[in-house]
Every structure is written in C-alpha cells, then in structure tokens.
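One-letter residues, chain by chain:
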Amino acid sequence: MSGQTFYKGSLTTYLKRRSFLLRVGLITGGIIINGCLRKIKSKYDITGNLSGPNSKVGHLLRDKSNLPDPTVVRQVKTLIIGSGISGLSAARWLQKSGEEDFEIIELEKHPGGNSHFGTNQVSSYPLGAHYITVANNEDELLIDFLKETNVITHFENEIPYYNDYFLTFDPEERLLINGEWQDGLIPDFGLPDKDKQQIKDFLALATKLKNTKGSDGKFVFNIPISSSSTDQHYRDLDKITFKKYLQEQGYTSKYLLWYLNYACKDDYGQQLDKISAWAGLHYFSSRRGTAVNAEQNAVLTWPEGNGWLMKQLAQKLSKHIKTSTVCCEINYATNGNIVATVFNALSNITEKIEAKSIILASPQFVNNRLIKNLHRPIDYSPFNYSPWLIANITLNRLPQSKGRGLCWDNVAYDTPSVGYVNSAQQHLEMSDDKKVLTYYLPLCDFEPAVARLAAYSRNYEQWLDIVIPELEIIHPGITQSIEKIDFWVWGHGMIAPGKDFIWSENLEKARTSLEDKVFFAHSDLSGISIFEEAFHQGINAAKQVLNANG
Amino acid sequence: MNRKLPALLLISVFVVATCGLIYELIAGTLASYLLGDSVTQFSTIIGVYLFSMGIGSWISKYFEKNILSWFIQIEILVGLVGGFSATILFLVFESIASFRMVLYGFVSLTGILVGLEIPLLMRILKDRYEFKDLVSKVFTFDYIGALLASLIFPLLLIPRLGLVKTAFMFGMLNVVVALIVCLSFKKEIKASKYLQSASILSLMALLIGFVNADLITSLSERQTYSDTIIYSKSTPYQRIILTKRNRVLRLFLNGNLQFSSDDEYRYHEALIHPGLQALPFAKHVLVMGGGDGLAVREILKYPNVNAVTLVDLDKGMTSLFKSNKMLLDINKNSLLSPKVKVINADAFSWIKAQHTKFDFIVIDFPDPSNYAVGKLYTNSFYKLVKNILAPKGLMVVQSTSPYVAPKSFWTVNKTLESVGLKTIPYHNYVPSFGEWGYILATEPDNPYKKPQQYLPGLKFVSRESVNLMLFFPKDMSKVETQINKLNNQILVKYFEDEWANVL
Chain A
1 MSGQTFYKGS
11 LTTYLKRRSF
21 LLRVGLITGG
31 IIINGCLRKI
41 KSKYDITGNL
51 SGPNSKVGHL
61 LRDKSNLPDP
71 TVVRQVKTLI
81 IGSGISGLSA
91 ARWLQKSGEE
101 DFEIIELEKH
111 PGGNSHFGTN
121 QVSSYPLGAH
131 YITVANNEDE
141 LLIDFLKETN
151 VITHFENEIP
161 YYNDYFLTFD
171 PEERLLINGE
181 WQDGLIPDFG
191 LPDKDKQQIK
201 DFLALATKLK
211 NTKGSDGKFV
221 FNIPISSSST
231 DQHYRDLDKI
241 TFKKYLQEQG
251 YTSKYLLWYL
261 NYACKDDYGQ
271 QLDKISAWAG
281 LHYFSSRRGT
291 AVNAEQNAVL
301 TWPEGNGWLM
311 KQLAQKLSKH
321 IKTSTVCCEI
331 NYATNGNIVA
341 TVFNALSNIT
351 EKIEAKSIIL
361 ASPQFVNNRL
371 IKNLHRPIDY
381 SPFNYSPWLI
391 ANITLNRLPQ
401 SKGRGLCWDN
411 VAYDTPSVGY
421 VNSAQQHLEM
431 SDDKKVLTYY
441 LPLCDFEPAV
451 ARLAAYSRNY
461 EQWLDIVIPE
471 LEIIHPGITQ
481 SIEKIDFWVW
491 GHGMIAPGKD
501 FIWSENLEKA
511 RTSLEDKVFF
521 AHSDLSGISI
531 FEEAFHQGIN
541 AAKQVLNANG
Chain B
1 MNRKLPALLL
11 ISVFVVATCG
21 LIYELIAGTL
31 ASYLLGDSVT
41 QFSTIIGVYL
51 FSMGIGSWIS
61 KYFEKNILSW
71 FIQIEILVGL
81 VGGFSATILF
91 LVFESIASFR
101 MVLYGFVSLT
111 GILVGLEIPL
121 LMRILKDRYE
131 FKDLVSKVFT
141 FDYIGALLAS
151 LIFPLLLIPR
161 LGLVKTAFMF
171 GMLNVVVALI
181 VCLSFKKEIK
191 ASKYLQSASI
201 LSLMALLIGF
211 VNADLITSLS
221 ERQTYSDTII
231 YSKSTPYQRI
241 ILTKRNRVLR
251 LFLNGNLQFS
261 SDDEYRYHEA
271 LIHPGLQALP
281 FAKHVLVMGG
291 GDGLAVREIL
301 KYPNVNAVTL
311 VDLDKGMTSL
321 FKSNKMLLDI
331 NKNSLLSPKV
341 KVINADAFSW
351 IKAQHTKFDF
361 IVIDFPDPSN
371 YAVGKLYTNS
381 FYKLVKNILA
391 PKGLMVVQST
401 SPYVAPKSFW
411 TVNKTLESVG
421 LKTIPYHNYV
431 PSFGEWGYIL
441 ATEPDNPYKK
451 PQQYLPGLKF
461 VSRESVNLML
471 FFPKDMSKVE
481 TQINKLNNQI
491 LVKYFEDEWA
501 NVL
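Protein chains in written order, with our numbering: chain A, 1 to 550; chain B, 1 to 503.
Please note that a few of the clues may not be correct.
Unchecked claim - Calculated cross-link-like contacts (lysine to aspartate or glutamate; reagent style EDC-like; alpha-carbon spacing at most 16 Å): (1) B:Lys315 - A:Asp432; (2) B:Lys352 - A:Asp164; (3) B:Lys137 - B:Asp127; (4) B:Lys493 - A:Glu172; (5) A:Lys243 - A:Asp273; (6) B:Lys383 - A:Glu172.
Unchecked claim - Covered, in the sense of this in silico footprint (three residues per stretch, anywhere, with C-beta under 8 Å from a C-beta of chain B), are these stretches of chain A: (7) 167 to 174; (8) 419 to 430.
Just so you know, the hints here were simulated from the structure itself, not pulled from any lab data. Ideal Cβ placement from N, Cα and C applies to all residues, glycine included.
Using the sequences and the accompanying hints, generate a full structural model.
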C-alpha cells in the first residue's frame with residue numbers, strides 16, 4: 001500500500017510539474033510571440049523604461065559556475081545579507097548597541113529592497129512600499145525609531161504628535177464607483193441599502209476584533225504579528241481562507257467582497273481566496289495607534305514612499321553597506337565561524353568573508369539557495385511571493401472627472417489594479433498640472449510562479465497594452481496626456497500569507513537560527529510584508545546576534 | 001467682356017465698405033475697452049480712420065498700370081491687416097506704453113488701404129458706366145454696406161462672435177472678394193496665379209486665426225463674465241482675467257473676483273491700517289500673496305517702513321502689475337518702488353527657508369477654495385509664519401467672509417490660536433465682496449493696542465470705523481470649529497459648503 005501511495009504521490013507530483021511547465025510554456029510562449037508581433041507596430045506612442053530588481057546579478061546565485069575564484073579572505077564580526085528594511089533595521093540595532101564591526105551586502109546598486117524609489121523632474125516616486133500607519137502605542141521600539149527620525153515630533157500626555165508634514169495630506173482617498181469619484185475607499189456612492197448594511201456590519205466586526213484580546217490577555221491581531229495572542233480559537237482563523245470565512249459569516253454583498261478583495265490585493269498581492277482569514281482580518285483589526293494630531297490608523301507617507309524611512313535608516317549605515325555585491329553561498333568554517341562567498345559585480349572580484357554571525361535579511365526563496373549546504377529543516381514551498389507591476393506615469397495634466405478631485409490614493413471599483421497614488425501629495429508647493437502617478441498592479445490572475453514568468457517575458461509594449469486600457473476606463477482620454485511610463489516588475493514582490501502559513505510550525509522553524517551563527521530577519525518570516533514587520537524582524541535578529549556573542 | 005463683371009465689382013464695393021466700417025468699429029470698441037473713455041476713443045479712431053482714407057484716396061492717383069491687380073493685392077492686404085488687427089491689439093495690450101502707437105498705426109494702415117479701394121474700383125469701372133451712373137452706383141453700395149455693418153456689429157457680431165472672431169471673419173470676406181475678382185478677371189490680369197495663391201494662403205491664415213481665436217479670449221469666458229474681458233492670460237498657476245465696465249476694472253483669478261477698482265480701497269485699507277498703524281516702529285513688512293501691489297500701496301504710505309518684501313507665486317501676476325499703465329494707476333506704481341522687493345516663489349517653500357524676522361506680515365492669499373491653497377491656511381503654515389514674526393510684531397490674515405462663511409472664518413481664527421497666537425478678528429463691508437473678515441494675530445505677551453489716530457487721506461479706516469469693525473454682531477459671532485491641518489483640511493470643506501449656499 002505504501003508503495004502505491006508513494007507511486008501515486010510521485011505521479012501526481014510529476015503530472016503537476018508537467019502541467020505547470022506546460023502552462024508556463026504556453027503562457028510565456030504566447031506572450032513572447034505576441035511581443036515579437038507587437039515590436040513591429042506599437043499602438044501607443046509612449047516611451048519609458050521597463051526594469052526591475054537586478055536579475056542579472058541575482059541569477060549569479062543560481063549559476064555561479066562562471067564566478068572568478070575567491071581572491072580575498074577577510075573577517076567581519078557580523079555579516080548582514082540584504083539591505084532591505086529588515087537588514088537595515090538589524091544593522092541599526094547593532095550600531096545602537098555599540099557594535100560597529102558589521103557589514104551589509106546588497107546585490108542591487110542601492111540599498112532599500114522593496115522601499116526603493118525613483119525620481120524625475122516632477123517628483124520622487126515610490127517603486128514599492130509607500131506608506132506606514134500611525135504606530136500602535138505599545139510598540140515602543142518602532143515609536144523610538146519614529147522619534148529618532150522626527151516622524152514623531154513630541155508627546156502630549158504620552159500620546160505621540162506626528163510630524164504634520166508626514167501625515168498624508170488631505171484629500172486622502174477616493175474611489176471611482178458608479179461613474180463618480182466618492183470620498184474614501186469604502187464603497188458607498190450608489191450602493192443599495194443592504195450592501196451598505198453588510199459593509200457596516202463587517203466594519204463593526206473589524207472594530208470589535210481590533211479591540212478583542214485572547215485568553216492570554218494579548219490583542220488577537222497585533223503589529224508585530226509575533227505579539228498577537230496565542231489563543232487557539234483565533235489562530236484557527238489561519239486554517240481557512242478569507243473567502244471561506246466570509247462565506248461562513250454570511251457576507252454576500254458584491255461591493256463588500258470587492259472591497260475586501262481589494263484590501264487583500266493591496267496588502268498581500270493576492271485575492272481573498274488565496275489569503276488566510278487571519279491575515280485578511282489582520283489588515284483591518286491590527287492598527288490601533290493613536291496620535292494627538294491625527295485619527296486612528298492615520299497614514300504617513302512621503303513622495304518617495306517608504307524610501308524616505310529607508311534613507312533615514314541607511315544614512316548612518318552608509319559606510320557599512322556594500323552594494324552590487326551578491327552573496328553566493330554560505331558554509332560553516334572549520335574554526336566554528338561562518339564563511340560567505342560574495343561576488344562584487346563592479347570589481348568582478350569574489351571574496352570569502354569569515355564572520356562570527358550572519359544575518360540573512362534576504363527572503364527565504366533566496367536563502368533556499370544561499371544555505372543549501374547547511375541543514376535547515378523547513379519546507380520552502382509554502383513561501384509564495386506575489387509578483388507586482390509598478391507603473392510610474394508622468395502626466396502633463398490629469399483629465400477632469402466627476403466627483404472628488406485627485407487624492408493621495410485613488411482606486412477604481414472592479415478594475416485589475418489597486419489604483420494609483422499621487423506622489424506629489426506631500427509636496428507643499430503649489431504644483432502645476434504635471435503629475436507622477438504610481439500605479440500598482442498585483443499580478444494575481446495566475447498562481448505566483450506562472451504569473452512571475454509571464455511578467456518576466458512581457459516587453460514594454462505589452463505592459464502598455466495591459467495598463468493603458470485600465471487607465472482609459474478610469475480617466476477617459478488620459479492617454480494623450482501621458483508623457484512617459486516607467487514600468488517596474490517585482491517578480492517576488494511580497495510574501496502572500498496563504499492558508500496555514502502565518503501560524504504554521506514551518507514558519508516558526510524558519511525563524512529559528514542555525515547553530516547560533518546564522519540568523520534570519522525578513523518580513524516573510526512574519527508572513528506579511530509591511531515596514532513594521534521587517535523593522536522588528538531586523539531588531540530580533542540583531543538581539544539574537546548580540547546574545548550569541550555574549 | 002463678360003457682362004456679369006461690373007455687377008461683381010459692385011458687390012465687392014458693398015463688401016469692401018462693410019469690412020472697412022467693421023474694422024473701424026473693432027478698433028473703436030477695442031480702444032474703449034482697453035483705454036476707457038469711449039467718447040474720446042471713438043472720436044479719435046473715427047477721425048484718424050477717415051483721415052487715413054483720405055490719404056489712401058490721394059495715393060490712388062499714383063497707381064497707373066495694372067489697376068485691377070493692384071486692387072486685388074490691396075484687398076488681400078486689407079483682409080490680413082484687418083483680420084489680425086483685434087488679435088494683435090489684444091496681445092500687445094499687456095505693454096500698454098506702446099499700445100496707442102500700435103492701435104493708431106493699425107487704424108491708419110487700414111484706413112489708407114480702404115481709402116485706396118473705392119477710387120481704384122471707380123477707375124476700373126469708369127469705362128463700363130457713364131460717370132453719373134458710376135458715382136451713383138458705387139456710393140449707393142458703399143453706404144448700404146456701411147449701414148449693414150453698423151447694424152450687425154453691435155446686434156449680431158459682438159454678442160455671438162466677439163471682437164477677435166469678427167475681425168477674422170471680415171478679413172476672410174475681404175480676401176474672398178479678392179479671390180473671386182481674381183478668378184473672374186483671370187484674362188485681364190497679369191500674374192493671376194500669384195494673386196490666386198496669395199489670396200488662398202491669406203485665407204488659410206485667417207481661417208486658422210478664426211478657429212483658434214478662443215485661445216485669445218474664450219467664448220465660455222465671455223459668457224461667464226458680465227463685463228468686457230480686456231485681458232486674459234493663463235500662467236502655469238492660474239488664469240488671470242481683467243474686465244472693465246465703464247471705469248471699473250475687476251481682476252479675477254481662476255474666476256474668483258480679487259478686486260474691483262471702485263471699492264478695493266475698503267478691503268486694502270482694512271487689511272493694512274488697523275495693524276500697521278499700531279506699529280510705529282515697523283520697518284520690515286512682508287506681504288504674501290497680493291501680487292496686485294494694492295496692499296503694498298497702502299503699506300508704502302508709512303514713512304517708517306523701509307523695506308517691503310512681496311512673495312507671490314505668479315510672475316505673470318506681478319509683471320502685469322508692474323508694467324500695465326492702467327494697473328499701475330491703481331496700485332500707484334507700488335511694485336516699482338525701490339523699497340519693494342518682489343519674490344516670485346511658492347509661499348510655503350519660501351517661508352520654510354526664511355529666518356529674518358518681519359515687524360508686520362500680511363497674508364493675502366486667495367480664498368481656501370481648494371486643497372492646494374488650503375495648505376496656506378493650516379497650522380503648519382502659521383507655525384512657520386510665527387517663527388518669522390518679530391516679538392512685538394503683528395500679522396494679519398484675509399479670512400473670507402464671517403457673514404457668508406462663519407465656520408471658515410472662525411476656523412482660521414482657531415487655527416491661528418492653535419499655534420499660540422493671540423487673535424484680533426475684525427470685519428468690514430466691501431460692496432463687491434460683501435461683509436469681509438480679517439484676523440490680526442500677535443504673540444500673547446504683546447497685546448494689540450488700538451491706534452488712536454490714522455493716516456490722513458484714508459477713505460475708509462478711521463478710529464471710529466475700526467471700533468465698529470472689531471465688533472461682531474450676533475449673526476457673525478464666533479462658532480466652534482476645528483483646527484485646519486495639512487492632514488485634515490477642514491477649512492476647504494467648510495468653505496465649499498458655506499459658499500455653495502450662496503452661489
């Protein structure tokens with residue numbers, strides 16, 4: 001019997017794998033053929049760049065056969081791989097603890113990870129993460145950082161006063177629904193009463209859950225996630241999809257379901273049938289932060305998005321960051337230390353760096369290759385990363401539309417994207433008509449691996465074909481006002497917290513250090529990709545390193 | 001020779017006469033719009049025009065040969081000059097010093113050309129009619145044309161087409177006459193090909209002008225503004241429109257009235273004197289907004305003030321009020337005073353980088369009708385203003401109407417108080433705005449002392465009137481509001497709601 005099961009198992013895997021490859025082949029093949037045809041004649045007279053994270057250097061990881069032999073061997077006490085928010089946060093913590101003997105390796109030409117940004121004549125604009133919310137008041141570590149960076153200017157009766165220039169300027173959000181832009185993103189304009197009622201009910205539930213504590217006295221949903229209640233009753237919500245949960249609760253309103261689906265796409269890059277109920281609710285019920293000068297959940301943003309926060313972190317660390325450097329492999333050294341083989345793409349030199357501790361502030365799909373020689377008893381397959389397309393659209397003017405005027409966040413009901421943000425929202429100056437809109441499209445129509453390969457095979461004109469029709473629905477006639485569109489593809493944009501992921505034993509194991517030498521810090525270890533999680537992951541790893549080194 | 005031809009030429013007399021009078025009327029109307037005093041303008045224009053026609057008639061004797069082709073060329077030229085006249089006059093109006101020269105130049109040129117036409121026509125026709133018939137026919141058509149022009153101009157053309165389009169239309173008519181004559185007399189004219197192509201090209205130029213005339217003054221604008229638009233310009237930031245009715249000039253920015261020349265003194269005296277008169281030591285004054293220089297005009301009445309800094313976003317606005325004679329008369333050349341430094345910069349960015357202190361700060365921004373301007377009414381902005389206010393200084397903010405928009409007015413008051421300033425709200429009546437509000441603000445330890453006496457020569461502000469201005473009757477009394485903040489621009493919402501009820 002067991003043999004048969006084994007046989008059956010491997011056959012299904014085989015078939016699955018085959019059908020996966022077949023689908024990938026068909027989809028990417030189709031795209032490439034279409035791309036060749038489209039090259040000949042483009043429908044739109046729009047130009048710009050198509051780029052993304054440095055896949056050329058990244059792929060060295062996979063086929064490192066052609067790397068030059070290591071020429072240098074040097075030592076550093078702590079080596080950090082990755083200069084996204086988690087890596088920078090870990091480094092900041094080491095530095096704050098008086099540690100200066102550390103180095104951060106970054107494969108891109110610049111630090112920042114998902115908080116990377118761009119700049120043109122009109123404005124800086126985000127290429128990924130673009131906001132945080134007012135910190136939960138008990139999140140002291142984060143509040144300290146926000147104080148350091150003058151995001152919190154002072155306290156009044158112990159309540160933080162947030163920098164007026166960083167709180168999102170009014171008007172904040174609008175939704176295009178039933179032919180008109182309404183105020184706020186929660187559907188309201190032209191909705192039947194019963195839909196309005198369901199939305200009200202859901203929001204009431206979310207508020208209730210926001211203030212609910214588990215049997216251990218901790219909030220059910222919290223940021224960082226690790227401080228959430230361990231109460232099994234609530235953790236069981238991680239075992240079903242958000243879609244199933246909503247069905248069970250009797251939510252049927254298409255408007256409500258659209259809104260919740262939008263929220264899942266916005267925060268996790270996936271639709272609500274791919275997200276666990278726990279994660280889906282976390283979006284609505286984990287933010288309790290208060291401020292003297294803003295409402296609960298108020299949003300903080302900058303023209304360059306979270307790039308601003310990243311710069312604050314990176315500023316004091318600049319001499320420790322080595323960019324254009326990819327870590328290829330990590331091994332234990334015979335002397336009890338750990339050795340990383342790194343390659344610098346600029347100098348074309350391979351080095352061996354011997355460290356006492358190493359913090360892998362890189363996502364797990366990367367770590368899977370980096371430390372394949374080390375024993376780490378986890379399953380990498382549940383780590384799914386949503387691919388994204390970011391389009392930065394430079395306009396000479398935005399067409400007039402009905403209802404509320406341009407806001408920071410602009411979403412259209414029932415469209416593929418999650419809308420666009422106006423990067424100049426936080427500019428104080430009177431602006432002329434020129435705008436940079438950052439448009440976010442989660443690629444969630446196929447499973448991530450297929451969508452990713454499809455995304456990689458698209459050319460510039462094909463992205464125009466995807467983005468422009470939606471823009472034309474949102475703003476008829478916008479095409480002729482477009483000066484430029486720059487596309488940015490994130491193949492592994494953010495971790496998608498599927499069913500049974502956040503509270504799985506597997507994720508718990510993934511957070512565990514190896515031999516007190518290899519430590520892990522990345523938001524994918526929290527299960528959701530937000531600044532706050534990455535920030536805490538970094539501090540946790542740094543604390544472990546400091547502990548391990550006495 | 002074709003028998004129809006004389007008839008065609010007579011019709012062209014008719015058209016030529018109509019067009020000629022239309023150009024004269026256009027010039028007269030434009031002059032009275034732009035320069036005012038219609039009696040003087042019309043009579044000088046008519047005089048110059050008729051005199052120029054005389055010159056034209058006199059010159060006609062020097063045309064010896066090829067009269068028909070000369071006639072056609074002159075027709076084309078009249079069409080071009082007349083057709084573009086209104087456009088060019090509108091465009092050069094900004095620099096008014098040369099405006100009269102250009103105006104009378106146009107009038108003379110058109111007059112001379114039109115003056116040439118009739119004598120030349122008569123000479124063309126002289127062999128086809130008896131002299132008495134000729135004179136009778138030509139002048140009959142000439143005067144009928146004049147009558148038609150004088151009737152359709154005010155009744156049909158100005159209300160429907162506007163000056164610029166009318167000019168282009170009649171320019172085209174002139175050229176069409178030239179073209180038809182040219183085609184009909186093909187055999188009698190040398191170089192008819194050249195004349196044909198010249199007239200077709202001119203026709204196209206005029207047509208392009210006609211189609212794009214809306215760029216100069218848009219039809220929709222003419223319908224929006226009850227008075228005549230004499231100047232309009234889109235700068236990167238706003239649309240500036242100047243209108244005139246009789247002697248009254250009005251300035252509109254993005255459609256909102258900024259001042260009306262007949263009662264602006266009430267607004268600007270109220271804005272400046274209750275504050276500045278209380279600061280006999282004031283030397284450095286800052287004006288933010290107020291690119292019209294009218295607040296500066298009031299400030300310069302104080303000899304103790306030796307430096308005024310004016311920060312206005314829009315260079316288009318300050319240049320206009322530095323160069324246009326009609327506007328310089330209103331602001332008394334204030335922006336040209338050596339004491340005044342004009343800075344074209346965004347107020348928020350400018351003030352963020354500013355460290356020197358000012359004794360008196362005037363904040364005269366447009367009303368908070370949108371989120372972009374609304375930022376300049378926030379606590380964040382007032383904090384920055386407070387930083388550059390001298391310890392014993394005063395600032396004053398134009399704060400919309402406490403009668404129409406009490407919530408808006410008291411929001412500005414509350415927002416000023418929220419940054420630790422003591423406020424002194426007041427108001428007065430400005431006929432073209434209605435009841436209008438201002439708020440003085442000062443450091444709390446520097447109480448405001450009401451001036452006992454004001455400068456001589458003020459038309460509105462006096463000790464007695466200020467006492468009334470400081471008193472708020474019940475229908476404008478203080479209401480509870482929130483603070484206006486960058487992340488919650490409550491003021492824009494209030495302002496929208498409150499003015500929506502009125503408009």
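Hint check: lysine 383 of chain B vs glutamate 172 of chain A, CA-CA at most 16 Å. Holds or violated? Distance ~23 Å between lysine 383 of chain B and glutamate 172 of chain A Cα, so the pair is violated.
Chain B covers the segment 167 to 174 of chain A, three or more CB atoms within 8 Å, holds or violated: holds (count 6)
Tell me if the straight-line CA distance from lysine 315 of chain B to aspartate 432 of chain A falls inside 16 Å. holds, 14 Å
Against the 16 Å threshold, does the CA-CA distance of lysine 243 of chain A and aspartate 273 of chain A hold or violate the hint? holds, 5 Å
Would the hint linking lysine 493 of chain B and glutamate 172 of chain A be met if the CA-CA limit is 16 Å? holds, 13 Å
Apply the coverage criterion to the segment 419 to 430 of chain A and chain B: a residue qualifies when its Cβ sits closer than 8 Å to a Cβ of the chain, and three qualifying residues are needed. Coverage by chain B holds for the segment 419 to 430 of chain A (3 residues, Cβ < 8 Å).
Given hint aspartate 127 of chain B paired with lysine 137 of chain B - CA-CA distance at most 16 Å: holds, 14 Å
Regarding the pair lysine 352 of chain B and aspartate 164 of chain A, is the alpha-carbon distance no greater than 16 Å? holds, 14 Å
Checked against the numbered hints listed earlier, the structure breaks hint 6 alone; every other hint is satisfied.
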